[in-house]
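Chain by chain, the residues run as shown.
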Amino acid sequence: MTKLLEVRELNIKIFGKPVVKNVSFEVESGEVFGLVGESGAGKSLTGKAIIRLLPPEAEAAGKILFKGNDLLSIHEKAMRKIRGKEITLIQQDPVTSLNPSFKIKDQITDIMKLHLGLTSKEAEERAVELLKKVGITSPEKVLHKYPHQISGGMCQRVMIAIAFACEPSLVIADEPTTALDVITQALVINLMKQIQRQYNTAIIFITHNLALALNICDRIAVMNNGSIVEVLDADRVFEDARHEYTLSLLTSIPTIEKSFIR
Amino acid sequence: MTTATIQARLLLKSKKAVISTAVLVFFFAAGLSAPFLPLPDPNKQNLNAIGLPPFWVDGGELAHPLGTDSLGRDVLSRLLHGASVALYVAVAATALTATIGIVLGITAGYFRGKVDDLLMRVVDIWMSFPPIILAIVLISVLGVDLNNVVLAVALVDWTRFTRVLRSEVLSIREKDFVTAAQTIGFSPNYIMWKEIFPNILPTFIIITTLEMGIAISVEVLLSFVGLGVRPTTSSWGTMLADGLNYFRTNPYGVLFPLSATIAVILSLNILGEVLREKIDPRLMVIR
Numbered sequence: 006m007t008k009l010l011e012v013r014e015l016n017i018k019i020f021g022k023p024v025v026k027n028v029s030f031e032v033e034s035g036e037v038f039g040l041v042g043e044s045g046a047g048k049s050l051t052g053k054a055i056i057r058l059l060p061p062e063a064e065a066a067g068k069i070l071f072k073g074n075d076l077l078s079i080h081e082k083a084m085r086k087i088r089g090k091e092i093t094l095i096q097q098d099p100v101t102s103l104n105p106s107f108k109i110k111d112q113i114t115d116i117m118k119l120h121l122g123l124t125s126k127e128a129e130e131r132a133v134e135l136l137k138k139v140g141i142t143s144p145e146k147v148l149h150k151y152p153h154q155i156s157g158g159m160c161q162r163v164m165i166a167i168a169f170a171c172e173p174s175l176v177i178a179d180e181p182t183t184a185l186d187v188i189t190q191a192l193v194i195n196l197m198k199q200i201q202r203q204y205n206t207a208i209i210f211i212t213h214n215l216a217l218a219l220n221i222c223d224r225i226a227v228m229n230n231g232s233i234v235e236v237l238d239a240d241r242v243f244e245d246a247r248h249e250y251t252l253s254l255l256t257s258i259p260t261i262e263k264s265f266i267r
Numbered sequence: 311m312t313t314a315t316i317q318a319r320l321l322l323k324s325k326k327a328v329i330s331t332a333v334l335v336f337f338f339a340a341g342l343s344a345p346f347l348p349l350p351d352p353n354k355q356n357l358n359a360i361g362l363p364p365f366w367v368d369g370g371e372l373a374h375p376l377g378t379d380s381l382g383r384d385v386l387s388r389l390l391h392g393a394s395v396a397l398y399v400a401v402a403a404t405a406l407t408a409t410i411g412i413v414l415g416i417t418a419g420y421f422r423g424k425v426d427d428l429l430m431r432v433v434d435i436w437m438s439f440p441p442i443i444l445a446i447v448l449i450s451v452l453g454v455d456l457n458n459v460v461l462a463v464a465l466v467d468w469t470r471f472t473r474v475l476r477s478e479v480l481s482i483r484e485k486d487f488v489t490a491a492q493t494i495g496f497s498p499n500y501i502m503w504k505e506i507f508p509n510i511l512p513t514f515i516i517i518t519t520l521e522m523g524i525a526i527s528v529e530v531l532l533s534f535v536g537l538g539v540r541p542t543t544s545s546w547g548t549m550l551a552d553g554l555n556y557f558r559t560n561p562y563g564v565l566f567p568l569s570a571t572i573a574v575i576l577s578l579n580i581l582g583e584v585l586r587e588k589i590d591p592r593l594m595v596i597r
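Chains A and B, in that order, are what the protein sequence lines are. Under the working numbering, read the first sequence as residues 6 to 267, first letter to last. Under the working numbering, read the second sequence as residues 311 to 597, first letter to last.
There's no promise every hint is true.
Here are some, though not all, of the chain B residues that point toward chain A, as calculated from beta-carbon distances under 7 Å [what the hints assert, rightly or not]:
| # | residue |
| --- | --- |
| 1 | Ser-481 |
| 2 | Lys-485 |
| 3 | Asp-486 |
| 4 | Phe-487 |
| 5 | Ala-490 |
| 6 | Gln-492 |
| 7 | Ile-494 |
| 8 | Gly-495 |
| 9 | Glu-505 |
| 10 | Pro-508 |
| 11 | Asn-509 |
Don't read these hints as lab results, they were simulated from the structure. Backbone N, C-alpha and C define an ideal beta-carbon position, used for all residues, glycine too.
Only chain A is shown next, with the shape it has when bound in the complex (with noise of 0.2 Å):
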């Protein structure tokens, strides 16, 4: 495996506040690579700094290196060429992430027209393959409809066949099934897996729940408090944690024998 992204000494600060503090990691390409931690641990913000796209207010300074480019210091017109072609990202709620004035077909078409050069008839030829991809059996149908006319899971299944539309080589999933309910949640987790071996595509999985990412992720990296306290090898988490905070996580993973006795 060859490296994919290299994330050194990332520091990001909110109105002079520290948030993010030393972050740095690599991902190899084709991995999924776990980020989890508590709310306001700076998962997210990091999520952000890779794609640039930092709200105005934050500053942040270190090494993002993808593919040998420095993201943090490149133009923002060859920025805008990575984005959505090189890596995508798949937000939180997948309700607001589509546009409501728009339907499915022309948000779907529109980043493969931008980053592919494809003419409408072969970009909606193309939709309608991704939207098989990612289980939607009646992708004729779908592909007219507005948003609000769809469910949530579909949606984010939607923004998921956006985000892996030009294959991109990196794609950050940040919560991406906190606002689905349990079933769907399992549904979508693997259909991600699944296009993401397709595609040899490398995922950063921002989570705060430990127990989905020591299921889909290869490797993990715990955040607490803007910094990481830990990487572990997803299968061998219970053998190698060592820091007190993953402990914790790993102690607060709900099992049927807890909840009995409670």
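Based on the hints, put chain B in the right spot on chain A.
Relative to chain A, chain B alone:
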């Protein structure tokens, strides 16, 4: 069923929409066709038929269906020619105002920061002048002419558009789908016009129709005080001014231009409200 047909159906179901559209279509048609209709010249004076009432009142003549004014000019002809003046001002001034307002409003709302601060302070200063006084000052400087009325309306009212649209954009640009569009790699220009603009369209339509009403009332008002159109052009404002002088002897001189003004402005406001309710895809429900 496509969205457009649903919207058309909803509009046809609404009595308010149908009636106000009918009134506007009537005046638009009248304004556009006035020069081609077999009407007497609106400026032709007939000193033998001064201050005639409409034909259904004692003393009225069928030759002048709505009577004549203090110089014996035909009221019907002047009313219809006046409609073309009013509608020209409404369309031209609104187009100009809307163009300025939407460009500045979206720019300020999207980029925020210094651009926004600068623009909004200019708007603040501009808005601190009373609008009618500002319009009168502008006309005094520019001179009395119909196109100057259009310019005056735009120069006074661009602030309203800018303000309202900016605040709409501010709330829309924080939505997740704008972030999503940024993560896809669209340029700011594309996001402003293709992602944000359609979402402020309902508001835009409302203030556009309101603005047309305001433009007409400003034109009527300026003409009323003699600062709108040249004396040779017939406008509802000049008709009102003339009619008011002889109000006691011939109230119809005020009645017709006033009713026309009210009918058009009211229809514009009602239509704007109905459009907002019916064309927003998020509120689209067939009952």
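Do the hints match the structure? See the list:
no.	hint	in the structure
1	Ser-481	violated (12 Å)
2	Lys-485	holds (6 Å)
3	Asp-486	holds (4 Å)
4	Phe-487	holds (4 Å)
5	Ala-490	holds (5 Å)
6	Gln-492	holds (5 Å)
7	Ile-494	holds (4 Å)
8	Gly-495	holds (4 Å)
9	Glu-505	holds (6 Å)
10	Pro-508	holds (4 Å)
11	Asn-509	holds (5 Å)
Taken one by one, the earlier hints fail for this structure only at number 1.
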